[in-house]
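Chains as they are written, first to last, in UniProt numbering: chain C, 1 to 274; chain U, 1 to 274; chain E, 1 to 274; chain A, 1 to 274; chain L, 1 to 274; chain B, 1 to 274.
The hints are simulated quantities; they were obtained by calculation from the structure and are not laboratory data.
Just to be clear, a hint being listed does not mean it is correct.
Note that the list lumps identical chains together, so a pair holds whenever it fits in one copy or between two copies.
[As the list claims (entries may be wrong)] Cross-link-like lysine to aspartate or glutamate pairs, in silico, EDC-like; alpha carbons within 16 Å at most:
| hint | residue 1 | residue 2 |
| --- | --- | --- |
| 1 | 219 | 232 |
| 2 | 24 | 71 |
| 3 | 109 | 132 |
| 4 | 31 | 61 |
| 5 | 239 | 71 |
| 6 | 109 | 215 |
| 7 | 234 | 61 |
| 8 | 29 | 44 |
| 9 | 8 | 159 |
| 10 | 31 | 58 |
| 11 | 8 | 129 |
| 12 | 31 | 190 |
| 13 | 70 | 238 |
| 14 | 126 | 58 |
| 15 | 109 | 89 |
| 16 | 126 | 89 |
| 17 | 239 | 58 |
| 18 | 62 | 159 |
| 19 | 109 | 50 |
| 20 | 234 | 67 |
| 21 | 70 | 44 |
| 22 | 70 | 190 |
| 23 | 126 | 50 |
Read off the chains here:
Number of protein chains: 6
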Amino acid sequence: MNQQVAAKPFHRILLTGAAGGLGKILREKLKDWTDILRVSDLADLGAAQEGEEVVQCDLADKAAVMDLVKDVELILHFGGISVEASFEDIMRANIQGTYNIYEAAHHHKVRRVIFASSNHTIGFYKTTDFIDATMPPRPDGIYGVSKCFGESLSRYYYDRVGIETVCVRIGSAFPAPANRRMLTTYLSYDDLVELLRCAAFTPRVGYTIVFGVSDNREKWWSNHAASHLGYEPKDSSDKFAHLFPDTGRYPDADDVGSTYQGGGFILSGPQYKP
Amino acid sequence: MNQQVAAKPFHRILLTGAAGGLGKILREKLKDWTDILRVSDLADLGAAQEGEEVVQCDLADKAAVMDLVKDVELILHFGGISVEASFEDIMRANIQGTYNIYEAAHHHKVRRVIFASSNHTIGFYKTTDFIDATMPPRPDGIYGVSKCFGESLSRYYYDRVGIETVCVRIGSAFPAPANRRMLTTYLSYDDLVELLRCAAFTPRVGYTIVFGVSDNREKWWSNHAASHLGYEPKDSSDKFAHLFPDTGRYPDADDVGSTYQGGGFILSGPQYKP
Amino acid sequence: MNQQVAAKPFHRILLTGAAGGLGKILREKLKDWTDILRVSDLADLGAAQEGEEVVQCDLADKAAVMDLVKDVELILHFGGISVEASFEDIMRANIQGTYNIYEAAHHHKVRRVIFASSNHTIGFYKTTDFIDATMPPRPDGIYGVSKCFGESLSRYYYDRVGIETVCVRIGSAFPAPANRRMLTTYLSYDDLVELLRCAAFTPRVGYTIVFGVSDNREKWWSNHAASHLGYEPKDSSDKFAHLFPDTGRYPDADDVGSTYQGGGFILSGPQYKP
Amino acid sequence: MNQQVAAKPFHRILLTGAAGGLGKILREKLKDWTDILRVSDLADLGAAQEGEEVVQCDLADKAAVMDLVKDVELILHFGGISVEASFEDIMRANIQGTYNIYEAAHHHKVRRVIFASSNHTIGFYKTTDFIDATMPPRPDGIYGVSKCFGESLSRYYYDRVGIETVCVRIGSAFPAPANRRMLTTYLSYDDLVELLRCAAFTPRVGYTIVFGVSDNREKWWSNHAASHLGYEPKDSSDKFAHLFPDTGRYPDADDVGSTYQGGGFILSGPQYKP
Amino acid sequence: MNQQVAAKPFHRILLTGAAGGLGKILREKLKDWTDILRVSDLADLGAAQEGEEVVQCDLADKAAVMDLVKDVELILHFGGISVEASFEDIMRANIQGTYNIYEAAHHHKVRRVIFASSNHTIGFYKTTDFIDATMPPRPDGIYGVSKCFGESLSRYYYDRVGIETVCVRIGSAFPAPANRRMLTTYLSYDDLVELLRCAAFTPRVGYTIVFGVSDNREKWWSNHAASHLGYEPKDSSDKFAHLFPDTGRYPDADDVGSTYQGGGFILSGPQYKP
Amino acid sequence: MNQQVAAKPFHRILLTGAAGGLGKILREKLKDWTDILRVSDLADLGAAQEGEEVVQCDLADKAAVMDLVKDVELILHFGGISVEASFEDIMRANIQGTYNIYEAAHHHKVRRVIFASSNHTIGFYKTTDFIDATMPPRPDGIYGVSKCFGESLSRYYYDRVGIETVCVRIGSAFPAPANRRMLTTYLSYDDLVELLRCAAFTPRVGYTIVFGVSDNREKWWSNHAASHLGYEPKDSSDKFAHLFPDTGRYPDADDVGSTYQGGGFILSGPQYKP
């Protein structure tokens with residue numbers, strides 16, 4: 001049995017945010033990669049399944065994170081807040097939390113992190129723009145700003161101490177697109193897992209920003225700067241296109257949802273309540 | 001029956017140049033999109049078919065064009081002269097005519113125009129160049145210059161009053177390539193219609209220049225700046241490649257047809273007669 | 001006397017639009033370059049001075065222009081309409097007129113034209129943009145569109161028959177800036193003449209677009225693509241800065257005059273009267 | 001006397017960090033611009049001088065900052081920590097603090113902020129690189145990461161609610177360069193004030209990143225993307241070059257101080273103590 | 001039978017280096033293109049087969065090369081040394097040899113050469129870089145430097161006397177990838193032949209640099225600058241990916257083989273023996 | 001006296017090609033930089049002056065070069081052939097010779113080389129182009145190709161073993177311009193020395209290509225990629241402009257001297273004799 005375990009490529013991977021929407025998916029999918037999948041969240045994760053270690057952990061707690069990262073070879077950092085919330089909550093979870101992850105990674109000599117960034121780092125580009133990872137960020141909310149922070153911080157840890165990071169700017173990773181915009185930003189779960197596989201197993205990734213998106217027809221994002229990952233999406237939102245049929249009813253010129261890549265999310269910032 | 005009609009995405013689309021080569025094709029193909037297809041041309045268009053309105057109209061006649069555009073939601077502007085001709089004729093049809101279309105569109109609050117531009121706007125690039133829509137125009141004739149005018153004018157109407165335009169730089173839209181050059185510039189009728197569909201139904205297009213070309217093997221033109229349209233050509237000129245078999249007989253260094261993207265068209269300007 | 005004449009570098013230069021604002025200035029300044037300065041305008045030009053030929057000419061009259069250009073070595077094409085006007089007037093003067101000039105130049109084997117283009121070819125760029133001659137035009141009016149036409153047309157005549165053109169995108173060529181915007185767009189008369197000198201005497205100019213602007217502090221335009229002209233402005237609008245003193249009263253976010261490079265001109269189009 | 005006061009362009013400017021190295025300089029220099037200069041710091045600022053309001057304020061205190069910004073027309077945000085320190089201290093002062101400033105600016109309808117960013121946002125570029133403001137940040141420490149956060153945050157507030165920001169990536173603003181590296185990064189106090197003047201009084205700045213550096217001979221940074229500010233440095237480090245005489249003693253290949261633009265600062269992170 | 005021969009597109013093609021690894025493959029594959037395939041090498045090539053001419057030739061022998069090229073329409077220049085060797089040997093074979101080929105081509109009015117360049121012209125780019133043919137060379141050995149020489153020399157012969165060249169930067173053209181790096185650089189024999197077919201039969205190629213690589217998942221090289229060749233690889237290294245299974249054992253940060261595109265080849269220079 | 005000597009920044013600099021046109025100038029100018037200036041040439045150099053070592057040396061003689069470079073801290077490699085000559089002569093002097101220099105530099109741990117490259121590496125760009133050091137070389141002769149070789153080789157030695165090189169693409173370094181083209185390419189002797197000073201004393205240069213040109217009015221070359229050198233030319237060809245007065249006599253369209261940056265040099269290749 002030990003030999004069988006030894007055949008997996010990683011001995012221990014840490015997945016933060018394992019109780020979240022994507023975390024639950026990944027908790028199932030990553031087990032073939034690793035002898036032990038350590039899953040953590042602030043929320044309850046249930047009992048450990050076979051091949052798992054379960055750690056309830058507040059990412060803002062530096063000491064707890066230091067323990068969490070011990071003996072880990074790879075971190076998939078999906079923890080934190082993934083919607084607009086109060087600045088203080090986002091700062092605690094996404095800024096302090098991500099710093100804690102990197103400090104612990106540095107302390108424990110983890111060599112690679114896959115960071116769940118977001119398309120909301122660039123949500124204020126227009127839907128008629130075609131952008132790539134070298135263009136300046138244009139976040140569309142405090143959440144997006146916090147992801148920009150994570151991208152800056154991980155750039156620093158790579159330049160300074162050599163921790164490799166793949167920042168995955170995740171599009172819309174749901175079972176199906178929920179509106180017409182998501183026909184462009186859709187990322188199927190299978191493609192997400194495939195992209196993470198590329199990010200985890202490419203021998204050298206340095207510091208790479210990649211857009212997490214399926215092979216949808218309409219495109220806003222170019223992954224040419226991440227070609228070395230070899231990510232080839234297999235899915236497309238086309239099979240959902242019938243849900244949002246063609247129509248000649250153009251939105252108004254100031255319709256946020258169709259004007260900016262970030263869509264309606266742009267309007268969700270709590271600071272703009274009347 | 002009324003309900004059936006109501007199910008079409010547009011109520012009324014205007015197609016100018018409907019008696020031309022492409023106009024005849026489109027007159028058949030667009031009917032699923034619109035309750036009423038208003039077709040116009042200077043030439044005779046025959047009787048109106050079901051779901052059609054037929055208007056004989058000289059595009060250089062400002063008042064006539066003002067009437068022509070009334071109650072229209074979308075214009076496919078394929079009218080005018082599409083070959084080299086005298087400057088005065090081209091100015092009348094393509095310059096005055098296109099201005100009349102945009103003025104009428106502005107007056108009648110039409111929100112989008114699809115403008116039949118041409119690869120002859122960039123025909124003086126070399127066949128070893130790979131270009132995109134952001135590069136400066138290099139027209140290869142007076143016809144091409146008039147299309148550059150249409151592209152400038154429509155840019156202005158978008159910036160000034162918000163009329164969206166997709167400029168389609170049409171390659172060689174014929175049943176089949178007629179020479180080796182057209183293996184690179186070929187646009188199948190099906191791909192043309194698909195591209196127009198993308199141009200008509202994408203919720204926001206702003207001001208977009210797109211090359212109208214099938215998925216041919218040799219490529220001169222990149223559509224990365226129009227990725228948001230989601231245009232995916234399905235056809236290729238490869239099935240016609242056997243008509244122009246491989247040969248080691250390189251053309252002379254000053255052979256215009258193989259040197260410039262515009263091909264032999266470059267030589268057709270009337271002003272160069274001896 | 002004949003020897004003295006022979007010492008001038010050109011035998012005959014044609015200046016169109018010689019009765020216009022800049023034309024009057026140039027009529028004085030160009031005489032050192034040429035034995036004979038042929039000046040033309042639709043308006044009255046007074047009697048011919050020494051070394052001058054005066055031709056009253058409607059540029060839209062093809063035959064008249066053909067005569068006008070005869071025996072000329074260099075054309076400074078400053079004729080036409082230089083403000084917003086009706087489309088038909090602009091088309092006649094600037095589109096038909098410029099075509100006539102190039103056809104005549106081709107017929108009479110004139111080897112170079114200096115074309116008075118305008119910053120209004122790019123007036124819809126923002127005042128926070130820094131642009132160069134390779135970026136796509138964004139005209140801010142029908143006048144600007146007509147200048148884009150001239151730039152396309154002259155590109156064609158260079159590629160097709162080798163007539164060299166320098167398109168000078170003239171900024172604000174007045175005795176002094178008339179508003180704060182013109183601190184950025186100001187072109188002194190001396191710098192204008194110096195730029196024209198560079199355009200006329202550089203041995204090879206091919207097809208060059210250059211911004212006609214003095215060495216003002218605030219800059220929107222880069223002339224790196226015209227470095228071969230060796231144009232070095234000597235003047236600056238700084239000496240007029242006191243006329244528009246510093247103030248903390250920021251214009252409104254939708255203030256056209258401070259938002260777009262074209263300034264208030266953008267609002268002057270006749271088609272937008274209520 | 002009141003009239004004299006009324007002649008100043010601003011009524012009230014807020015300067016945060018007024019007790020810091022640059023704050024002290026600016027406290028003297030800005031008085032001509034404003035009737036009232038409100039100065040704040042966590043540290044003691046002494047008594048208010050004529051034309052001043054003195055507010056001791058912890059920028060991490062949201063309510064206090066809300067009061068601080070009241071009735072202000074322009075903010076020069078120089079507050080926070082400007083060296084490497086513990087992450088928690090930097091997060092509190094520079095991340096929470098800058099957020100508080102922008103929230104208060106939004107609440108009080110302040111229309112422009114000048115943000116003291118730093119060359120340490122890009123300190124991991126090499127000394128043989130020539131960079132501009134559109135290139136991705138490469139911070140060289142936690143301090144630099146916090147400045148990247150400020151740049152992302154202010155980008156968001158401009159895109160979302162229209163607050164204009166000029167991010168000044170300050171070089172080495174000291175009386176004189178302290179080492180050879182600073183010959184390249186030196187920013188004289190006079191040039192700093194001139195740059196701030198440009199940032200404060202240009203009618204429209206949108207979102208602009210500008211490098212704060214004098215006209216030194218060796219250059220790493222291009223300000224072409226901020227040309228609209230009209231910033232023209234008058235000083236150069238050349239007069240200090242004799243302090244660091246030419247020598248043929250090349251540093252070792254891994255000498256951080258000469259390899260990276262951030263210089264020895266790169267080594268100052270507290271997390272790298274043995 | 002003669003007529004059948006006459007139907008081949010070329011009458012005589014020269015293949016140098018025909019005894020080398022790729023030369024042997026090509027000797028078989030090219031026969032359909034040409035009535036006569038002249039094969040040459042320094043090494044023994046055996047007896048001439050049908051449709052062949054065999055010439056043993058030292059490429060450094062100018063007179064011999066002059067004879068070799070006589071009556072040839074197209075040259076596939078695969079001769080010379082293709083591994084690290086002493087500088088003198090490489091200079092003789094690859095520098096003098098390639099010069100001799102081009103001089104002879106010029107003398108005998110050969111209109112096109114296909115030059116076997118190498119990925120080792122750019123081997124010092126990192127494996128996280130995505131590069132194209134317009135970026136500066138970064139050779140990874142003396143062999144690579146000699147191929148850079150060939151690329152410069154052929155550029156000159158095109159600009160000066162019009163000999164067209166396609167420089168094929170061959171990746172790893174072997175029956176199968178021999179290590180994980182070659183999953184990215186793999187070029188199948190079929191794709192090599194297809195690329196050479198494109199290079200030989202495209203009517204105009206001017207001076208083109210193209211990367212010789214199959215459609216592998218991980219990509220370092222963009223062929224957009226050679227789109228006019230119409231090269232579409234059919235193979236992928238994916239079918240060999242199981243030979244180099246996924247593993248979490250990241251190489252050390254200074255592992256040359258995974259850091260640079262040139263892989264271990266970088267270490268093979270003879271001049272670095274202890 | 002020994003102390004005085006010790007105050008010079010270098011102990012020993014090697015100047016190759018010291019008997020050449022520029023070598024003679026530099027032999028005088030460099031003495032302030034170094035205790036000992038070792039000068040070498042194939043030609044006679046006369047007796048050693050104070051502070052000199054004179055070595056007659058054939059750069060193609062590997063053993064001789066190995067001795068030549070011993071105990072040297074910096075090499076200014078101006079040796080070899082600087083005009084069109086037979087390929088074999090150029091290969092011997094410039095290709096074998098430059099290789100010998102770098103091998104010896106590597107052996108003797110020399111840390112920096114200043115390589116006299118040439119504008120003839122890019123002489124086939126047009127006189128209307130504005131180019132920089134990142135653009136692909138377009139040599140205009142065999143001499144230019146040999147300089148491209150030196151640039152590739154030195155790139156390799158920097159990437160592989162860390163020898164820094166500044167490639168100086170020297171324009172026209174003569175007492176005065178000899179024709180109109182040289183008004184653009186002129187490099188005064190003082191500016192040459194200043195550029196070499198920058199190249200020698202900047203603490204880190206990595207691998208830098210810089211154009212050696214004075215601050216002439218017409219410009220073809222941008223040195224933005226070498227901004228870190230801090231080179232500021234003081235001279236201009238303007239004071240010689242009167243030697244080549246303005247004229248309206250445009251050269252023919254195919255006049256090589258005015259069409260290409262390399263000027264008439266392009267025609268000097270020996271292989272093109274009839």
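To see whether the hints hold, each was checked on the structure:
Taking the closest pair of Cα atoms, residue 219 and residue 232 come within 16 Å of each other both inside a single copy (15 Å) and across two copies (11 Å). Within a single copy, residue 24 and residue 71 get their C-alpha atoms no closer than 22 Å, and across copies no closer than 49 Å, so neither meets the 16 Å cut-off. For the homomeric pair residue 109 and residue 132, neither the shortest alpha-carbon distance inside one copy (31 Å) nor that between copies (34 Å) is at most 16 Å. Taking the shortest alpha-carbon separations for residue 31 and residue 61, neither the intra-copy value of 27 Å nor the inter-copy value of 45 Å comes in at or below 16 Å.
In this homomeric assembly, residue 239 and residue 71 never come within 16 Å of each other (Cα to Cα): the closest approach is 43 Å inside a single copy and 34 Å across copies. In this assembly of identical chains, the alpha carbons of residue 109 and residue 215 never lie at most 16 Å apart, being 35 Å within a copy and 36 Å across copies at closest. Taking the shortest alpha-carbon separations for residue 234 and residue 61, neither the intra-copy value of 39 Å nor the inter-copy value of 50 Å comes in at or below 16 Å. When the C-alpha separation of residue 29 and residue 44 is checked against a cutoff of 16 Å, the pair qualifies neither within a copy, at 19 Å, nor between copies, at 57 Å.
Proximity of residue 8 and residue 159 under a CA criterion of 16 Å is satisfied in neither setting, with 30 Å inside one chain copy and 37 Å between copies. Taking the shortest Cα distances, residue 31 and residue 58 never come within 16 Å of each other, neither inside one copy (23 Å) nor across copies (48 Å). In this assembly of identical chains, the alpha carbons of residue 8 and residue 129 never lie at most 16 Å apart, being 42 Å within a copy and 29 Å across copies at closest. Taking identical chains as interchangeable, the C-alpha atoms of residue 31 and residue 190 lie at most 16 Å apart only when both belong to the same chain, with a minimum of 15 Å there against 39 Å between chains.
Taking the shortest Cα distances, residue 70 and residue 238 never come within 16 Å of each other, neither inside one copy (43 Å) nor across copies (35 Å). Taking the shortest Cα distances, residue 126 and residue 58 never come within 16 Å of each other, neither inside one copy (36 Å) nor across copies (38 Å). Proximity of residue 109 to residue 89 under the C-alpha cut-off of 16 Å is found in neither arrangement, the shortest distances being 29 Å within a copy and 25 Å between copies. For the homomeric pair residue 126 and residue 89, neither the shortest alpha-carbon distance inside one copy (28 Å) nor that between copies (36 Å) is at most 16 Å.
Proximity of residue 239 to residue 58 under the C-alpha cut-off of 16 Å is found in neither arrangement, the shortest distances being 39 Å within a copy and 44 Å between copies. Taking the shortest alpha-carbon separations for residue 62 and residue 159, neither the intra-copy value of 23 Å nor the inter-copy value of 34 Å comes in at or below 16 Å. Within a single copy, residue 109 and residue 50 get their C-alpha atoms no closer than 26 Å, and across copies no closer than 57 Å, so neither meets the 16 Å cut-off. Taking CA atoms no more than 16 Å apart as the test, residue 234 paired with residue 67 passes in neither setting, with 38 Å inside one copy and 50 Å between copies.
Neither within a single protomer nor between protomers do residue 70 and residue 44 lie at most 16 Å apart by alpha-carbon distance, with minima of 21 Å and 44 Å respectively. In this homomeric assembly, residue 70 and residue 190 never come within 16 Å of each other (Cα to Cα): the closest approach is 29 Å inside a single copy and 49 Å across copies. Within a single copy, residue 126 and residue 50 get their C-alpha atoms no closer than 46 Å, and across copies no closer than 40 Å, so neither meets the 16 Å cut-off.
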